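Participant: This is what each chain is made of:
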Amino acid sequence: MTKLLDKQELKVVGTRPVRPDGADKVTGKAVYGADYNLPGMLRGAILRSPHAHARILSIDTRKAEALPGVKAVATNADFPKVDMGEIDAGEAGINVDRAGQMCLAREKVFYEGQPVAAVAATSASIAAEAVRLIEVEYEVLPHVIGVEEAMREDAPVLHDDMFTEGLPETPTKPSNVVLRFESAKGDPDAALAAADVVGSGRYSTQPVHQGYIEPQACIVSVGGDGQAQIWCSSQGQFMVRSVTAAITGMNLADLRVVPLEIGGGFGGKTTVYLEPVALVLSKKSGRPVKMVLSREEVFRSTGPGPGAIVDVQIGATKDGILTGAILEMKYQVGAFPGAGCQAGVMHALGCYRIANSRIVGWDVVSNMPSTHAYRAPSAPQSEFAVECAIDDIARQLGMDPIELREKNGVKPGDPSFSGAPYGDIAFMETLAAAKEHPHYAAPLGPNQGRGIAAGWWVNHGGESTAMVSINEDGSAVVATGNPDIGGSRASMAMMAAEVLGLPIEKVRPIVADTSSIGFSMLTGGSRTTFATGRAVSEAAADVVEQLKGRAAMIWGVESDKVEWSDGQARCTDPQQDLPPLSIKDIASKTSKTGGPIAAEKSVNPGDAMQTFGVHICDSEVDPETGHVRIVRYTAVQDVGRAIHPSYVEGQAQGGAVQGIGWALNEAYMFDANGRLDNPGFLDYRMPVASDLPMIDTLLVEKPHPGHPFGVKGVGEVPIVPPLAAVANSVSAATGKRFYDLPLSPARVHAALNGAA
Amino acid sequence: MKKQYVSTIVNGDPADFLCEPQTSLLNALRDELGMTGSKEGCGSGDCGACSVILDGKLVCSCLVLATEAEGKRVETIEGMAQEGRLHPLQEKFLDVGALQCGFCTPGVLIAAKALLDRNPDPSEEETRYWLAGNLCRCTGYDKIIRAVLEAAAELRQERAPA
Amino acid sequence: MARVTFVSSFCDNLTGGAESLELSAANVFGLVRALEARFPGMAEHVEKRAAIAVDGEVVQAWGTPISEDSEVLLYPRIAGG
Amino acid sequence: MSYHAPADVTEAVTLLASQDNARPLAGGTDLLVQMRSGRVRPEMIVDIKRIDRAMGVRARDGGFAIGAATPCTELLNETALCKAWPGVVEAANLIGSVQVRNRATIGGNLCNASPAADSVPALIAANASAVVVGPAGEREVPVQDLLAGPGRTTLGKGEFLLEILLPPRPPRSGDAYLRSIPRTEMDIAVVGVGVSLTCDESGACTDARVALGAVAPTALLVPEAGAALVGSRLEDAALEKLAEAVKAACRPIDDKRGTIDYRIAMTAVFAPRVARIAHQRAQEAA
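Residue numbers (our numbering), protein chains in the order written: chain A, 1 to 756; chain B, 757 to 918; chain C, 919 to 999; chain D, 1000 to 1285.
These are calculated hints, taken from the structure and not from any lab test.
Incorrect hints may appear among the rest.
What the hints assert, rightly or not - Capping the alpha-carbon separation at 30 Å, the derived lysine-lysine pairs in DSSO-like fashion look like this:
no.	chain 1	residue 1	chain 2	residue 2
1	A	Lys63	B	Lys813
2	A	Lys589	A	Lys506
3	D	Lys1156	A	Lys736
4	B	Lys759	A	Lys71
5	D	Lys1048	D	Lys1082
6	D	Lys1048	B	Lys828
7	A	Lys584	A	Lys506
8	C	Lys966	A	Lys173
9	A	Lys81	C	Lys966
10	B	Lys758	A	Lys63
11	A	Lys601	C	Lys966
12	A	Lys736	D	Lys1246
13	A	Lys407	B	Lys828
14	A	Lys548	A	Lys561
15	D	Lys1082	B	Lys813
16	D	Lys1048	B	Lys758
Keep in mind that this is a model prediction, so the values were computed, not measured.
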């Protein structure tokens, strides 16, 4: 394992080269999910449930099948009855039957927009026409959307086989409560009773969508012998292979998934919605089938992040020591359990040393699309409540909010949620950097307020495979199994180039398909640069050892007399006066020294390190209209070490703006009969360019000692602090505490004018 | 459904195709002419990923009927680089890292080009309001705005008398 | 005997709410077999849902040895978005 | 579905009258979205952009004639129009994005008849009128008479909007339009207010028209609000009466874009702001 190189020695890592896949992306040549075509290709379309909750009595597809140009029709019956339970794909396991129902419903539909049947035809317009000819008989059932309404005794029950887990004794009556999850230590009740001040409140957030601009798309072609190929955009081609094979009952080796470019994912593309359907349609028609979701279908049928209600009480002494905390949080997880409360419970108090705490989480199903991961899934909702409560305590104590956090923030060696001690975390350094940042002391104008908030995420390691091979001209190819969402090809090439001692242009990265590289977990959990980067570094180090061995052979010296630097082998034997051998010299003679030089390494690191963020937000509130305008924003981010600083800054800026959207205007809105009322970018209001100032970033580098380049995960933390940073800044500007997101103008105006 | 014959000029070259009357210009470019650089993010004019320049005007090609392009000039992302040399905006986007997933990038670049063709020295605010029709979910817009302003400055230098 | 602690209630359904217990095992595979014997269903639950720390180190390889005075923590596995 | 692009008014009228489900096409930024979502399924599209009177801005009887198919951004290049009617031009140039405004037209905005249409309150405040052509020939009506309800107009079979006429402007006149939207762009008005007024040498208001959007089934003129300004120099008392008048005229609904209370409150906040801008422009115009 290569040791952690010192920063001054680095020649490529830390610089800002142009990314190797950049030219195709700025010229429109890059091929995304919907850009790929095959000869003889059919177009698929899906019939979706108009009801939020109903039993499917019958599906009659005869008229559709009779329409000229229709080549195949599919329903859930086309999925084999597979007793797979749960498979270890995606993030924390995927339930095969439920994943299948999200592709094609079985006996019941649980949310408006759930797929019921699918058609493949010779043109998109014929497919759309055929879908309208499918007749489905429903028994409409009462529905429920809100989390507390769904928990009530008299609420309509979605799944009659769902019995709440995590209760002292398992109930006999089915309900919408999936599980109760508790984590407790010490005596929080006593600590709160003795506290000098308490920050408390009921904080609520709404379901929000990842908002990737590229709708899901794929092409599937099933051959005559049952083997199949899938071309699609996703966060993990191996995940697509595992879930699709499980749902359609195929051998993994028969299914090859070729990753196309992905137009944004943020956790939303860590599962499948189309591939199993297109596969069945292709098998039935014998022709490739292309399926592309419309924007409306993305909103109605792909997993949003859950809404949540968090009741929080945090007690502190008058000199600002947090002594006790009691939280209860209810997560609205949608039709099937998806992104639930566990990560919310785990992350709620993770920034702080609080001796006494009890955190109870509930997962509750309701008739909206099943939730799925959205960037640090479930942590923003619970840390929002905690960071607002702490802001409240700081105000009650008249204490600087950063100083209050510095008094209680976790340090290396403190116990983490799991009980294992924190490693070289950098929360203190991040807080200090925020306090010294010029933004924190800048003057404010009228109706303006400054809010700060901290946040953290556990990050992930996981399985990754990388291959490095040397070409005869001394250039190198780096292959990994991780789709490149935000510039990871560049960082893979940079790490390989650093180890090989080559300039970046001599090292070209590719993202390999599932039959061309060893298993790799998907791109997500802020893991790619950390785990896949380690596999790349180890593979490159192995190649360097091989190169040194070949040089020794060419010189006829012992291999321990050879040293490698700047892409050259040098002989350290004092008796020898041998000119160095460049990588090209060695590579051009491989046929005489033992054959091609390449190495494939697989890793499964368990030591991903937690990272922290501290954000500073200035907002201006129009007291007459309730409009909130973000006038200045700074994201201070703990990064371990930045491989390509532009893209690390990009993660901080993009995450901050998604958090700002979550805080200000984004929310799923349902009408009276449980239909999504804003399934489009007009009324699902994501931030536009004119809504925002520049997002200043400050990267705090404290390298991870266990990683060859000191890398820590940075992708997800930036979305955590903004919810509270914005809310705290609006409170500072108006003198009123805000508990419910989004802070749309109407809601801020209502709060300022004393309405409920 | 009888298809209509449409003849246009795309990126300076004549381009003819057959399409149904309700086919959008975006789908004609992508499915009939195989030019998949312009993207569909919403199909309702709310995201700008399908931006093209039609007879000198920046438009959403998903909200234009393909038949309306008869006899008109269409400029798409595929035509932005000249003789294989990237346009200064394309160059600058790569230099500063103004794209991550890259899906909105074609639409943003076409819109930025339309802006600089009209106003070679836009302020940050003018640039932000001009690009408000181009949604981006990855970058938070910061590096996009910086790239457009820097490219504008360089283009002004080039044009300024030596 | 190694001390095994369940962090949070995510195993309560199977363990009846046990906080922690003593088990002897050569490595994590052995520990999981012992847990299965004690609380049927734990093997699959741990494999799908749990993350494991042995003596303060997060463990991926279940071959990691467990000594008589090891401290083993089982807690929910969270990946990310 | 068939597509036609006649260059002659009568040919367009004949085509539109030949089918029940025929729709005129100007910018298409509303029509194409509704076609794609399946809300409308026209059998025939009649593109009116090749009819010369439907395109461009011309002086007419001391005022202006704006072709119904003129893209909103074209209005920015008409210096005389911008000088006389800054409120109408700014309202037309708040719709959607640059991409949308390079296609969208105030004719289409009016005939789409959304209660929240941005250009309509400014047109009503300006006392604009619509030139409608059809089987029975040409007729001229005040723009608000075209509006029948959300998404519904009073246009008969075979009729379409050809031009919008803006009346001559007495000296010392000014108009303005503002709207409340959650973001800064790309949004539908939660509330829209258009004000057009004229004042004498002393700055006292001699005539004023106030129109509201998104607070009733159609955009509407509020005579009492205009009356509240007449005779005043927009002192607080007058603006207070204006605010009361517009609040009284509101009949809003709760929907995904706004609540009843918020819409009523915002009309009272925005009307005075718009009136001040219009009054300032009127004095600058002197």
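Participant: If a hint holds in the structure, say so; if it does not, say that too.
Facilitator: For each hint, the structure was consulted:
The hinted pair formed by A/Lys63 and B/Lys813 fails the criterion: a straight-line CA distance of about 45 Å is larger than 30 Å. Annotation: proposed proximity of A/Lys589 to A/Lys506 holds, straight-line Cα distance about 18 Å (limit 30 Å). Restraint check for D/Lys1156 and A/Lys736: the C-alpha separation of about 56 Å exceeds 30 Å, so the hint is violated. This hinted pair checks out: B/Lys759 and A/Lys71 have alpha carbons roughly 22 Å apart, not beyond 30 Å.
Between D/Lys1048 and D/Lys1082 the alpha-carbon distance is near 26 Å, which keeps this suggested pair within the 30 Å criterion. Annotation: proposed proximity of D/Lys1048 to B/Lys828 holds, straight-line Cα distance about 14 Å (limit 30 Å). With a CA separation close to 11 Å, the supplied pair A/Lys584 and A/Lys506 stays within the 30 Å bound. Annotation: proposed proximity of C/Lys966 to A/Lys173 holds, straight-line Cα distance about 26 Å (limit 30 Å).
For the given pair, A/Lys81 sits about 22 Å from C/Lys966 by alpha-carbon distance, which is consistent with the 30 Å threshold. The straight-line distance between the Cα atoms of B/Lys758 and A/Lys63 is roughly 23 Å, inside the 30 Å bound, and the hint therefore holds. Among the hinted pairs, A/Lys601 with C/Lys966 is consistent with the structure: their alpha-carbon atoms are about 25 Å apart, no more than 30 Å. For the suggested pair A/Lys736 and D/Lys1246, the alpha carbons sit about 27 Å apart, so the restraint of at most 30 Å is met.
Of the supplied pair hints, the one linking A/Lys407 and B/Lys828 is violated, its CA atoms being roughly 67 Å apart against a limit of 30 Å. This hinted pair checks out: A/Lys548 and A/Lys561 have alpha carbons roughly 9 Å apart, not beyond 30 Å. Restraint check: the Cα-Cα separation between D/Lys1082 and B/Lys813 comes to about 24 Å, which is no more than 30 Å; the hinted pair holds. About 23 Å separates the Cα atoms of D/Lys1048 and B/Lys758, which keeps this hinted pair within 30 Å; it holds.
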